[in-house]
Amino acid sequence: MTDGAWVSLFSGGKDSSWALYRALERGYPVERLVTVHPEGDSYMYHVPATRLASLAAESIGIPLLEVEPDDFGADDVADSGRQGDEELEPLEAALRELDADLPDGVGGITAGAVESEYQTTRIEAMAERLEANVFAPLWQENPRDLADAMLDAGFEIRIIRVAAYGLDESWLGRRLDADALDELEALNDEYGVHILGEGGEFETLVTDGPHMDRRIELESETEWDGTRGTLQVTDAWLE
1 MTDGAWVSLF SGGKDSSWAL YRALERGYPV ERLVTVHPEG DSYMYHVPAT
51 RLASLAAESI GIPLLEVEPD DFGADDVADS GRQGDEELEP LEAALRELDA
101 DLPDGVGGIT AGAVESEYQT TRIEAMAERL EANVFAPLWQ ENPRDLADAM
151 LDAGFEIRII RVAAYGLDES WLGRRLDADA LDELEALNDE YGVHILGEGG
201 EFETLVTDGP HMDRRIELES ETEWDGTRGT LQVTDAWLE
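Numbering (the UniProt record's numbering), first residue to last: 1 to 239.
Hints are supplied without guarantee of correctness; some may be wrong.
As the list claims (entries may be wrong) - Pairwise CB distance ranges, derived in the manner of DEER restraints: (1) Gly166 / Asp104: 46 to 52 Å; (2) Gly166 / Gln140: 21 to 27 Å; (3) Asp3 / Tyr191: 42 to 48 Å; (4) Arg144 / Glu97: 35 to 41 Å; (5) Arg51 / Gly226: 22 to 28 Å; (6) Ala100 / Thr234: 37 to 43 Å; (7) Tyr165 / Ala100: 44 to 50 Å.
Source of the hints: derived by calculation from the structure; they are not laboratory data. No residue lacks a Cβ here, since even glycine has one placed at the ideal position from N, Cα and C.
Construct the complete structure from the given sequences, taking the supplied hints into account.
Structure follows, in structure tokens:
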């Protein structure tokens with residue numbers, strides 16, 4: 001195991017939560033969760049309901065560092081590669097500050113990427129600049145196997161945004177269970193919907209799991225424009 005503290009890139013969604021959970025299972029000393037709050041659409045980060053990450057962190061019992069929208073650079077960047085690089089800058093700056101503040105520095109970073117080369121190459125390059133290791137337990141694993149492992153471990157996962165043909169308003173707020181996964185497999189065959197929503201087809205929030213002491217309860221309403229929608233959380237608290 002590398003020297004130094006581990007930091008978990010954390011949105012509160014299923015993929016980053018699974019990476020954190022697996023790191024804790026392995027005994028990695030995760031001392032901080034880091035959540036980025038992007039404004040609008042993002043090439044690099046999970047967007048909806050990131051404000052609930054603070055509740056999740058409280059339940060998990062690991063301090064949370066939040067990177068705010070004001071820390072981002074230019075709002076209008078035409079080139080996706082350049083936007084991804086610029087979106088990474090405030091995260092890297094925050095990790096450098098952590099590296100200086102923590103007694104043994106930052107030794108490792110967890111990431112929840114499944115298939116996105118766009119995200120993974122940037123995170124790996126950032127980690128190399130920080131001289132930190134990367135733990136990405138979902139990387140290039142079978143999506144259905146990963147989803148089944150999350151459910152078997154006791155993860156409670158809610159769908160909070162959909163943006164893909166075949167996913168209608170009824171999916172907003174739905175729990176991701178075995179029946180939902182079967183339907184997603186059928187939608188994958190018919191429309192190419194990724195079973196884990198890796199292409200932005202849907203986004204999730206983990207409301208309970210073995211790494212959490214208390215469950216997140218939600219009050220919400222749906223926003224639907226006919227083709228895509230979001231579960232707008234109006235209140236949230238720990239059980």
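Hints, one by one, checked against the model:
Judged by the Cβ atoms, the range 46 to 52 Å given for Gly166 and Asp104 holds: they are separated by roughly 48 Å. Checking the proposed 21 to 27 Å range against Gly166 and Gln140 shows it holds: the Cβ atoms sit about 24 Å from each other. Distance hint for Asp3 and Tyr191: a CB-CB separation of about 47 Å, consistent with the stated range 42 to 48 Å. For Arg144 and Glu97, the hinted distance range of 35 to 41 Å is satisfied, since their beta carbons lie about 39 Å from each other.
Separation of Arg51 from Gly226 is about 26 Å and conforms to the stated range, judged on CB atoms against 22 to 28 Å. For Ala100 paired with Thr234, a C-beta distance near 39 Å keeps the hint of 37 to 43 Å intact. A C-beta distance of roughly 47 Å is found between Tyr165 and Ala100, which places it inside the suggested range of 44 to 50 Å.
Hint check: no violations occur; every hint is consistent with the structure.
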